[in-house]
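*Asks:* Chains as they are written, first to last, in the working numbering: chain A, 1 to 155; chain B, 1 to 155.
For the record, the hints were derived by calculation from the structure and aren't laboratory data.
Among the clues, some could well be false.
As the list makes no split between identical chains, a pair holds if one copy fits it or if it spans any two.
What the hints assert, rightly or not - Below, computed lysine-lysine pairings styled on PhoX-like, alpha-carbon distance capped at 20 Å: (1) K18 <-> K60; (2) K34 <-> K149; (3) K126 <-> K149; (4) K152 <-> K18; (5) K3 <-> K31; (6) K11 <-> K149; (7) K149 <-> K18; (8) K152 <-> K11; (9) K128 <-> K4; (10) K152 <-> K4; (11) K149 <-> K3.
So the chains spell out like this:
2 protein chains.
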Amino acid sequence: MDKKFMQRAVKLARNGMKNNQGGPFGCVIVKNGKIIAEGNNSVTSENDPTAHAEIVAIRKACIELGSFQLTGCELYTSCEPCPMCLGAIYWARPDRVYFAATRNDAAEAGFDDEFIYNELDLSPEKRKIPMISLERELATDLFSEWVCKEDKMDY
Amino acid sequence: MDKKFMQRAVKLARNGMKNNQGGPFGCVIVKNGKIIAEGNNSVTSENDPTAHAEIVAIRKACIELGSFQLTGCELYTSCEPCPMCLGAIYWARPDRVYFAATRNDAAEAGFDDEFIYNELDLSPEKRKIPMISLERELATDLFSEWVCKEDKMDY
Chain A
1 MDKKFMQRAV KLARNGMKNN QGGPFGCVIV KNGKIIAEGN NSVTSENDPT AHAEIVAIRK
61 ACIELGSFQL TGCELYTSCE PCPMCLGAIY WARPDRVYFA ATRNDAAEAG FDDEFIYNEL
121 DLSPEKRKIP MISLERELAT DLFSEWVCKE DKMDY
Chain B
1 MDKKFMQRAV KLARNGMKNN QGGPFGCVIV KNGKIIAEGN NSVTSENDPT AHAEIVAIRK
61 ACIELGSFQL TGCELYTSCE PCPMCLGAIY WARPDRVYFA ATRNDAAEAG FDDEFIYNEL
121 DLSPEKRKIP MISLERELAT DLFSEWVCKE DKMDY
């Protein structure tokens with residue numbers, strides 16, 4: 001771990017906030033002791049609800065590496081990731097994550113992270129955004145095709 | 001609900017799979033009875049671990065609407081969303097979600113959704129990807145600045 005990378009993530013967060021790009025969140029991704037990608041929250045300026053600092057940095061790092069995997073990388077984020085970003089981290093599979101503020105700190109500052117964590121633990125029909133099953137067989141048939149597909153690339 | 005929108009989502013999923021763009025997942029977003037955005041998984045072709053069908057469709061729909069919110073929209077996805085996509089859905093706030101296959105169906109077809117759901121319920125230090133707290137005060141100071149910021153745009 002290296003505090004200077006976290007300090008950089010917090011600086012990105014502060015700059016993004018001051019420039020009204022989005023919320024106060026920043027992220028850097030490090031490989032072999034060097035920053036390979038940076039990001040800050042730009043939800044409101046980009047009209048992109050997925051443009052959290054971690055997602056922005058992960059997408060840039062993958063472009064940089066020409067890979068959909070962040071093997072050998074460390075991610076420094078100014079706040080414990082929300083469920084969306086945590087999911088993205090698991091799909092990208094960096095070696096390690098460092099975070100500064102906690103999810104409770106984020107909730108106290110007015111962000112929905114804790115609410116979303118709680119919603120994820122409910123069954124779909126009990127969530128605040130109604131989630132309804134429809135035409136299941138169409139998709140399970142497709143999954144069977146996927147399982148049998150010979151030239152597929154796993155991810 | 002309208003089955004033809006789910007059929008379209010599954011068709012996008014099948015086409016993306018056949019074209020080796022990524023896994024067998026598709027999504028459409030509907031407003032006022034019309035499709036305003038479509039997406040299919042393109043993780044492996046785009047080298048983007050966040051390019052799940054729902055994320056792709058949400059980003060396109062927000063560009064289409066010029067908004068970071070999907071108020072008044074319905075999202076049809078060929079599979080119950082993974083935690084990343086579910087998080088994105090909560091941030092985008094559509095009115096309703098329809099899904100075909102379940103997360104268990106996805107797990108049986110070899111996708112990590114269930115593993116990620118389980119990891120999210122663990123405390124950070126117990127997860128398979130190590131997650132370590134560092135320099136918390138730097139970020140909580142920043143959150144205090146955010147709370148006091150007068151010209152901020154909430155999201």
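*Asks:* For each hint, tell me whether it holds in the structure or not.
*Replies:* Taking the hints in turn, this is what the structure says about them:
{"no.": "1", "hint": "K18 <-> K60", "result": "neither (22 Å within a copy, 27 Å between copies)"}
{"no.": "2", "hint": "K34 <-> K149", "result": "neither (39 Å within a copy, 33 Å between copies)"}
{"no.": "3", "hint": "K126 <-> K149", "result": "neither (35 Å within a copy, 35 Å between copies)"}
{"no.": "4", "hint": "K152 <-> K18", "result": "between (45 Å within a copy, 9 Å between copies)"}
{"no.": "5", "hint": "K3 <-> K31", "result": "within (15 Å within a copy, 46 Å between copies)"}
{"no.": "6", "hint": "K11 <-> K149", "result": "between (46 Å within a copy, 17 Å between copies)"}
{"no.": "7", "hint": "K149 <-> K18", "result": "between (49 Å within a copy, 9 Å between copies)"}
{"no.": "8", "hint": "K152 <-> K11", "result": "between (41 Å within a copy, 18 Å between copies)"}
{"no.": "9", "hint": "K128 <-> K4", "result": "neither (40 Å within a copy, 25 Å between copies)"}
{"no.": "10", "hint": "K152 <-> K4", "result": "neither (41 Å within a copy, 27 Å between copies)"}
{"no.": "11", "hint": "K149 <-> K3", "result": "neither (46 Å within a copy, 26 Å between copies)"}
This entry does not satisfy hints 1, 2, 3, 9, 10 and 11, going by the numbered hints stated previously.
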